[in-house]
Amino acid sequence: MLQIASLSVGVSLAATLVAAVFALGGALWIVYGRSRLRYVLLVIFNAGLGLPPVAVGLAVAFTFWRSGPLGMLDILYTPAAMMLAQTIIVTPLFGSLAVIALRAVDPTLRDQLAALGVPARTRLRLLARETAPGILASALAGFGRAVAEVGAAQMTGGNIEGQTRVLTTATMLAVGRGEFSVAFGYVAVLLGIMTIATGAAFVLQRRWQ
Amino acid sequence: MCGWFWTRVRGCSEAPRHEQEHRAKSGRDGAASAWGARAFAFLVAVLLGSTLSASAAGPAVILATTTSTQDTGLLDVLVPAFERASGYQVKTIAVGTGAALAMGERGDADVLLVHAPSAEEAYMAKGRGLARWLVMHNGFIIVGPAGDPAKVAGVGNAVDAFKRIAASGATFISRGDDSGTNSKELEIWRAVGITPQGAWYVKTGSGMADTLHVASQKAAYTLTDDGTFLSQRATLSLVPVLQGVPDLLNVYHVILVKPLPGRVGNLAGGRAFADYVVSPTGQRVIATFGQDKYGRPLFTPDAKPVH
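Each protein sequence line maps, in turn, to chains A and B. When we follow my numbering, the leftmost residue of the first sequence carries the number 1, and every step to the right adds one. When we follow my numbering, the leftmost residue of the second sequence carries the number 1, and every step to the right adds one.
Accuracy of the hints is not assured; some may be wrong.
Far from chain B, by Cβ distances over 10 Å, these chain A residues were calculated [said to hold, decoys possible]: (1) Thr63; (2) Leu109; (3) Gln112; (4) Ile160.
Chain B side only, calculated, beta carbon under 10 Å to chain A, not exhaustive [said to hold, decoys possible]: (5) Thr72; (6) Met103; (7) Ala234; (8) Asp275.
Derived from the structure by calculation, the hints contain no laboratory data. Cβ coordinates follow ideal geometry from the N, Cα and C atoms, glycine included.
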C-alpha cells in the first residue's frame, strides 16, 4: 500500500514538475510574448483541457511498444513511461491555468515598478511573488489530474505489481476482483493525498500573501 | 496570525505587515528553497529507486496473459515464485487472450499464457510461436440467477444449455472482448446454430470479474471460467447452472513468442518462464493454488509438450 501510494505521488509529482517547465515557459510567452504564434499555443493549451488520458496513454504506448517507433528504448511498463504520459496530460491544464494566473496581475504593475526605478531583479521577484499563488493553484490542479487519471497509467504502466501499480490502477484491479473494501481503501488514500496536497498549497499561499 | 508556524517562519510580531515581510524576506526565501530542494531530492530518490530496483533484478520478461489468471490471483503466486527461482523480472500484462496473441504477433511480449486453443493454433500456424505447451485446465461454467428461469440445470451439455437460454428470452451477458472465454462462448453459439443478437444479448467488453458483476446485477446468464467465479462468488448473486460437462473444458497453454529480428525482446527470459510453468515446481504451485482460500485448487496442472 505504502509503495503504491508513494509511486502514485512520485510519478504524478515528477510529471507535474516536468510539465511546469513547458507550462510556465509557454504561459510566460503567451502573456508577455510578441509573436502572434503564441495564440496558437494558447489554443493548444485550452484544447488540451479536454485531452482524454486514455488517448494520451494509447499514443505513448503505441510509441513505446517494442513494435513502435521508439520500441528500442524499452521503457514501456516503467514509471518513466507513466510519467511521460502524465506530463503530456498535465501540461495543457497547467499552462492554461497559469496564463489566467499571469493575466490576473495588473498589467501596468511592471511599468509602474520600472517607472519607480526598482531594479530589474527586484522587479522580477515582486512579480513572481504576485503570481505565485495562482501558479501554485495551477500546479495543484495539474497534479490532481495526474494522480487521479487511470487510463494512461494502465496503458503505459501496465499495473504491474511492485513496479507500476498506482492507486487508480490498483483500484480498478480490486474492483475487477470483487474486493470492494480494498478498492475503497485505495480511494480513501487517494483522497487523503489530494487533501494533504491542497492543505500544503494553502499553507504556502498564505505564506506568500 | 501568530501561531507557532508563523512564529517559526517569519518571526511574528505586531509590526505593520509590509515591514514584517521585509524583515523576514531573506530568511523565508532560504527556507522555501531548502524545502524545495529536500522535496526534489526525495522525489528523485523515489523515482530512481523505483526504476533502479526494477532493473536490478535482471532483464524483464513481458508476459501477456488473460484476465482470469490475474483476477483469480494465480499470477500473484506463480510469478513471484518464478522470479525468485530464475532471477528474471516479469512484467505481467493482463488482457484478453485475443489481445495477448496480438501482442505476441507484434513481438510486444516474450511469452503468452492463454486459453483459446483454436485461436492459438491459428497463431502457431502463422509461425509466430517457437513452442506451445499445455499448462493446466479448469472448467468453464454457465452461471445464472438463483431461480434458473431458463431451466438450464440438468441439461447434458453447453449447446443445449445455450439453446434454452436463447429460447427463454433470459438476458445473456457476453464478454464481447475477443478473450478466451469469449471465443469459447462464440464457439458454443456457432454449434447452436444461431448468431446471438438483440436486447437479450449484452456485450460488456470487460474482464471476467467485471462481467460477472454485470450479470449478477442484471440477474442474467453468462459463461465464466470456474476459477474466476469461485474467487468472486462471495460478491455475486449467481449460481452455477451447468458445469463439469465435456464441452466446457477450459485449457491453458503457454506459448513462447518467436522474436522479430531487430526488435527488443527477451527470448531467454520467455523460455525460462515457459519452462518454469511446465516444470514440476511450477506445476506444483498451480496444483496447490486456491486450496487454502477456496478449499480446492482452482486449476488442474497437466503439462506436456504439444508442439
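Outcome of the hint check:
1. Thr63 (chain A), annotated as away from the interface, keeps every beta carbon of chain B farther than 10 Å; the closest lies near 12 Å.
2. For Leu109 (chain A), the non-interface assignment is confirmed: its Cβ lies about 16 Å from the closest Cβ of chain B, beyond the 10 Å cut-off.
3. With a least beta-carbon separation of about 16 Å from chain B, Gln112 (chain A) lies farther than 10 Å from that chain, consistent with its non-interface assignment.
4. Taking the minimum C-beta to C-beta distance to chain B, about 5 Å, the non-interface status of Ile160 (chain A) is violated against the 10 Å cut.
5. Interface hint status for Thr72 (chain B): upheld, as the beta-carbon distance to the closest one in chain A is roughly 9 Å, under 10 Å.
6. Against a cut-off of 10 Å between C-beta atoms, the interface hint on Met103 (chain B) holds, since the closest Cβ of chain A lies about 8 Å away.
7. With its C-beta approaching chain A no nearer than about 7 Å, Ala234 (chain B) sits inside the 10 Å limit, and its interface hint holds.
8. With its C-beta approaching chain A no nearer than about 22 Å, Asp275 (chain B) sits outside the 10 Å limit, and its interface hint is violated.
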